[in-house]
Amino acid sequence: MPIIETTQLTKTFRVPQKDSGLWGTLRHFARRRYRLVTAVRGVSFAIEPGEVVGFLGPNGAGKTTTLKMLTGLICPSTGQARVAGYDPFRREPAFLRRITMVMGQKQQLIWDLPALDSLRINGAVYRIPDEECQRRIGELSEMLALGDHLRQPVRKLSLGERMKAELMAALLHRPDVLFLDEPTLGLDVNAQASVREFLREYNRRYRATLLLTSHYMADITALCPRVLIVHEGALIYDGTLDGIVRRFAPFREVRLELAQPAVRECLGAYGDVVSVEGQAARLIVDRERLTGTVAQLLSDFEVLDLTINDPPIEETIGRIFARKDPA
Amino acid sequence: MRHLLHVLRVYTAVSYADMMEYRAEILLWILSSIMPFVLMGVWMQASLNGTLGMGPTDFARYFLCVFMIRQLTLVWVIYDVENHVVQGTLSPRLLHPVDPFWRFFCDHLAERLARMPFLALVTGVFFALYPASWWWPGLRSVLLATLCLVVAFLLRFIMQYAFAMVAFWSERANAIEDLWFFAYLFLSGYLAPMTLFPEGVRRLAEWTPFPYLIYMPTRILMGQPTDVVHGLAVSAVWAGAFFIIYRVLWRAGLRRYSGMGA
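Chain order of the listed sequences is A and B. Just add 10 to wherever you are in the first sequence, counting from 1, and you've got our numbering. Just add 1 to wherever you are in the second sequence, counting from 1, and you've got our numbering.
Please keep in mind that the hints were generated in silico from the structure rather than gathered at the bench. Treat the hints with caution; some may be incorrect.
Computed footprint of chain B on chain A, listed as stretches where at least three residues anywhere in the stretch have a Cβ under 8 Å from a Cβ of chain B [stated by the list, open to error]:
| id | segment |
| --- | --- |
| 1 | 105-113 |
| 2 | 120-134 |
| 3 | 207-219 |
Cβ coordinates follow ideal geometry from the N, Cα and C atoms, glycine included.
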């Protein structure tokens with residue numbers, strides 16, 4: 011039975027419209043104009059317990075709005091959501107004790123106090139006995155390698171340490187459904203890797219379900235066997251990472267190493283030239299024309315080396331988002 | 002209930018620690034709220050002709066009480082809630098299985114505790130400068146005034162919290178508080194004792210919540226006869242009405258909350 015299920019989930023916001031300048035200000039004061047913006051339109055999916063699912067989409071695609079509806083922070087305009095058997099927007103305490111949400115840009119830690127004080131609050135609100143709370147703090151700080159940093163004021167922590175402390179606060183009550191909105195935003199490569207490793211371990215240890223948005227494809231490829239892609243509010247893909255390439259990338263990447271320096275203009279006739287560096291070149295070629303194009307390249311140029319791959323996932327997703335009608 | 006009390010204790014303790022990080026700011030807030038002492042000087046001077054029914058010492062005591070009660074019932078929750086709604090920082094609080102109301106409430110309690118030593122200091126300085134104004138109201142009056150003070154704080158908090166719900170519709174909810182504050186200034190006894198107001202205004206004010214926010218506890222502390230039962234009953238009715246308004250607006254407001262602005 012799915013732990014997260016949405017049916018035709020839709021959210022429409024009424025956004026005020028105002029022209030700039032004095033006239034615009036006066037007109038806005040006298041008669042307000044609004045525009046209806048559908049941030050999420052008819053999104054339906056189901057996630058089984060223990061799954062780790064990546065939620066992808068360009069800025070403004072509706073990822074965060076969907077997460078907010080699933081955590082009960084905002085009310086859906088139409089459609090339904092069920093999380094752990096609850097209607098999120100009713101915000102029942104039993105539901106809130108089973109979920110958590112980590113927002114990369116919004117923090118729950120108290121800025122001027124050590125993170126331990128915020129953890130103390132969470133221990134109390136989630137009814138965790140003191141001894142058990144201490145044990146969990148010890149366990150999580152070991153998993154996250156936070157050590158003595160928990161005793162420093164939050165404002166004195168580095169961004170990576172702060173995000174780890176946020177994760178601790180969000181997971182102290184050991185939720186079984188995690189909604190993570192850009193959990194590695196702004197972190198350096200090492201900090202990103204350690205957050206990723208921690209999430210993987212948390213999922214393995216507690217069989218928790220994770221729904222994760224990130225602009226870093228490394229997060230998605232490292233953690234998520236399954237991805238959901240939203241574009242302009244609509245769900246356009248639900249499946250494996252590999253499946254994205256099969257469905258949305260009817261082209262292959264051809265890497266060439268020539269005997270002479272490669273010339274972009276000469277290669278343009280064979281496909282999209284992605285890069286040219288010295289004797290090396292990278293082309294994107296339609297799958298249907300692949301065999302003929304490769305044969306032509308081999309006959310027209312002195313080729314030292316040639317490899318054919320699926321294009322990188324980032325590139326495929328970038329192309330999907332750039333299309334007008336990606337579905 | 003035991004769980005809620007435990008949560009409130011932890012909220013207050015942590016918030017107190019947070020407030021103590023701003024102790025210099027708290028002292029400055031207190032020093033910037035000396036308006037009652039300015040009014041005290043004006044009314045003491047005016048009372049010298051003996052037509053006001055209160056002497057200079059009475060006015061000194063009256064405005065010391067006004068200062069203390071105002072400090073102990075100060076509420077700014079509308080600014081806090083507005084900020085959290087507009088910035089979207091209400092979201093982490095909404096994710097907790099405890100109503101965000103209690104966190105805001107405990108922030109105020111903790112600030113009160115942090116304020117107390119400074120208030121004691123200001124009171125000490127006051128009596129050192131005006132030793133003639135020293136008086137002891139008696140244990141009964143102190144206990145009764147404390148009860149009225151707690152009720153005044155609760156009433157003021159719930160009223161402002163109800164107004165704060167407007168933040169779900171407007172980004173400037175605090176404008177309502179500014180308007181309300183105007184009535185509060187005149188009818189609470191902040192600017193002058195209610196006995197100096199015309200009879201009609203006084204009678205009308207008795208049915209509003211304002212005189213019970215400052216004037217009633219002040220009268221009790223000064224040992225003047227006060228209809229405490231009437232005051233507490235009117236306060237309870239207003240608190241109940243504002244509680245209902247708050248709950249209705251809260252439910253409706255959450256439907257409008259977008260997590261990033263009104």
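Hint by hint, here is what the structure shows:
1. 105-113: holds (count 6)
2. 120-134: holds (count 10)
3. 207-219: This one is violated; 0 residues, fewer than the three required, reach chain B with a Cβ under 8 Å.
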